[in-house]
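2 protein chains.
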Amino acid sequence: MQVLSTQTSYLESKIAELDFPLEPANLYDPLRYFMQLGGKRMRPMLTLMGAALFGKPAEKALHAALAVEIFHNFSLIHDDIMDEAPLRRKKQTVHTRWNTNVAILSGDVLLVKAYQEICKQDAAVLPELLAVFNQTAVEVCEGQQLDMDFEQQSDVSIPAYVEMIRLKTSVLLGCALEMGAIVAETSLENRKLIYEFGQHIGIAFQIQDDILDLYADPEKFGKQVGGDVLANKKTLLYLKAKELATPAQLQQLEDLVANNDPQVKVNGVRNLFDALQIKQEARKLMDAHYAVALKAFDSIAVPEASKKDLRELAAYLLVREI
Amino acid sequence: MQVLSTQTSYLESKIAELDFPLEPANLYDPLRYFMQLGGKRMRPMLTLMGAALFGKPAEKALHAALAVEIFHNFSLIHDDIMDEAPLRRKKQTVHTRWNTNVAILSGDVLLVKAYQEICKQDAAVLPELLAVFNQTAVEVCEGQQLDMDFEQQSDVSIPAYVEMIRLKTSVLLGCALEMGAIVAETSLENRKLIYEFGQHIGIAFQIQDDILDLYADPEKFGKQVGGDVLANKKTLLYLKAKELATPAQLQQLEDLVANNDPQVKVNGVRNLFDALQIKQEARKLMDAHYAVALKAFDSIAVPEASKKDLRELAAYLLVREI
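If you read the protein sequences in the order shown, they are chains P and S. Note that the numbering used here has the first sequence beginning at 14, numbered continuously upward. Note that the numbering used here has the second sequence beginning at 14, numbered continuously upward.
These are computed hints drawn from the structure, not numbers from a lab. Hints are supplied without guarantee of correctness; some may be wrong.
No copy is singled out in the list; a pair is fine if it fits within one copy or between any two copies.
Unchecked claim - Calculated lysine-lysine pairs in the DSBU-like style (CA-CA distance at most 30 Å, straight line): (1) K133 - K292; (2) K292 - K308; (3) K69 - K236; (4) K103 - K321; (5) K69 - K133.
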C-alpha cells in the first residue's frame with residue numbers, strides 16, 4: 014500500500030516537529046520521549062484518509078490527525094500507570110523511567126496539547142470536531158474504567174466485554190475517521206457511516222488481537238505467545254470458553270488459571286479452547302463486526318475509486334493469518 | 014457584597030445540576046462527590062463578573078464559568094495524588110477515598126468535561142475561549158511541575174517562586190475573567206487588562222496565603238497556624254528569610270527545620286522571621302502586585318460604576334488583617 018508508507022513518513026516528520034518547550038524538563042522530556050516511541054500511527058493515518066476519502070487533500074486534516082495521535086499517547090501514558098506496565102513498545106513507560114507523578118502531569122499536559130492541535134483547524138469546523146472528539150475522549154475513559162472494573166469481576170458477559178473494547182479502543186478509530194470527514198465537510202450521513210466503519214473495524218481488530226495472543230505464528234507476532242493467558246486476562250476467548258465449558262472443563266480452566274508453569278498453562282488453555290472451538294467462535298464474532306464495517310463503508314456516497322485506499326487498509330489490518 | 018451571595022447560590026445550583034452519568038460508578042461517583050465539596054467558587058464567579066463588567070448578562074457566560082470551576086477541580090484531584098494529600102476541605106481526597114487509579118481517570122474525564130462546557134458557548138467566541146483556556150491549562154501544569162521540582166531544590170530564587178505561583182494558581186484567575194470578557198465580546202485591549210488584573214490579584218492573594226500561615230488570627234483562619242512551617246514548605250517567607258539571614262540565622266533556620274517539636278518549631282521560625290521583618294517584606298511584594306492589578310483595572314475602558322463589584326471583590330480578597 015503506497016499510501017501507507019507515504020503518509021506514515023509524512024506523519025512521522027510532523028510528529029517529530031511537535032515543539033514541546035525545554036522547561037520544565039520533567040514535564041516535557043517525557044513527552045518528547047514517549048511521542049517518539051513509534052507505533053503504527055494508524056489513528057492519525059485514518060484522519061488523513063478520512064479527509065482524502067471525501068475529496069479533501071489529506072494534509073488539510075493534519076492538525077486533527079496529530080490531535081488524535083497525541084490523545085492516544087496521553088491515554089497510553091495514563092493507562093500504563095494504572096496497569097502498572099513497565100514496558101511499552103519494548104521501552105520503559107513514563108512512570109517507570111521517571112515516576113508516577115511525572116507520568117500523571119505530563120499526560121495531563123499532553124491532553125491539553127491535543128486540544129491545541131484541534132484548534133489549529135478552521136474555526137468553521139471546530140465545533141463539530143470538538144463535539145466528536147470530546148464525546149470520544151469521555152468514552153475512552155469509560156472504557157478504561159470498565160476494563161479495570163472487569164478485572165475485579167468474576168462474571169463478565171460477552172456483550173459487556175465487546176462494549177468495553179468498543180469504548181476503550183474502537184471509538185477512537187471512528188472518531189479519527191470522522192474528524193477527517195468533518196474537515197472535508199461531507200454530509201452528516203457520510204460522517205455517521207465512516208464513523209461506524211472505523212468503530213467496527215476497531216472491534217474486529219481487537220477481537221483479532223485476542224485471538225492472535227494464542228494462535229499467532231510466534232515468528233510473525235513479535236510478542237510472547239499466550240501473554241494474555243499468563244496474565245490471566247479476561248479476553249474474549251476466555252469469556253467464551255467460560256460460557257461454553259462443561260462443569261468439568263470449567264474446573265480444568267480454573268486449575269489452569271492457578272497453574273504456575275507457563276508452558277503447561279499456555280498449552281493446557283490452548284487445548285481446552287481447541288476442544289471448545291473457541292477460535293472459530295471468536296473468528297465468527299470478528300467477521301460479523303468486519304461485515305458491519307464494510308456494509309457501512311459500502312453505503313458511503315463517494316465513487317468506488319476513492320474508497321480503494323481505506324478498503325485496502327481495512328483488509329490489511331484484518332486478514333492476518335489466524 | 015450582594016453580588017457575591019446571589020451569584021454563589023446561582024453557581025452552586027448550576028454545579029449541582031451537572032449531570033454525570035451513573036455508570037461506570039467508579040468513574041463518575043468521585044466526580045459527584047468532589048464537585049460538591051464546596052469551596053468559594055471564586056473562579057467561576059470571576060467569569061460571571063468578567064462578562065458583567067463589559068455589559069453582558071452574567072449568566073451568558075455560565076458554561077465558560079462552569080468550565081473554569083471544573084478545570085480547577087480536575088487539577089485539585091490530580092494535585093492531591095501528587096502531593097499525597099489525605100484531605101481537601103476537611104473531606105477525604107479522591108485517591109484516599111477510592112484509589113489512585115480512580116483519581117487519575119476521573120480527573121482525566123473531568124478535564125474533558127471542562128472542554129464540553131466551553132463548547133456550549135457560542136461558536137463565534139469558541140476559538141478565543143479555547144485559546145486562553147488551553148494556554149492557561151498548560152501553564153497550570155507547568156506551575157505544578159515547578160512546585161514539585163522546587164521541593165527537591167535547595168536554592169529557589171524569589172522571582173522563580175513568584176513565577177511558579179503565577180503559573181500554578183494565578184493565571185487561572187486571569188483566564189476566568191478573560192473568558193467572561195470574551196463572551197462579552199469586548200476589545201482585545203480590555204481583555205488583556207482584565208487578565209492582568211486577575212493574574213496579579215492571584216499572585217497577591219497567594220502571597221497573602223503564605224503570610225497568613227504564620228500570622229493569621231487562629232480563630233479567623235480556620236487552618237492550623239504554621240502548617241506550612243511544619244511541612245517544611247518553601248514559602249515566600251522562608252525564601253525571603255534565607256535571602257536576608259546572617260550565617261548564624263541561617264544555621265538557626267536549618268536547626269528549626271530539623272526540629273520535631275511543633276510548638277518550638279513554629280514559635281522559633283516566627284521569632285526568626287520577626288527579627289528579619291519577613292512579614293513586612295512579604296507584605297511589600299503582595300502590595301506591589303495588588304497595585305499592578307489595580308493599575309490594569311483602572312485602565313479598563315468601561316464606566317467606573319460597572320467596576321464597583323470587581324473592585325469590592327478584590328478588596329474583600331486582599332484586605333484581611335495581617
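For each hint, the structure was consulted:
| no. | hint | in the structure |
| --- | --- | --- |
| 1 | K133 - K292 | neither (45 Å within a copy, 47 Å between copies) |
| 2 | K292 - K308 | within (24 Å within a copy, 73 Å between copies) |
| 3 | K69 - K236 | neither (38 Å within a copy, 60 Å between copies) |
| 4 | K103 - K321 | neither (34 Å within a copy, 61 Å between copies) |
| 5 | K69 - K133 | both (17 Å within a copy, 28 Å between copies) |
Of the numbered hints listed earlier, those contradicted by the structure are 1, 3 and 4.
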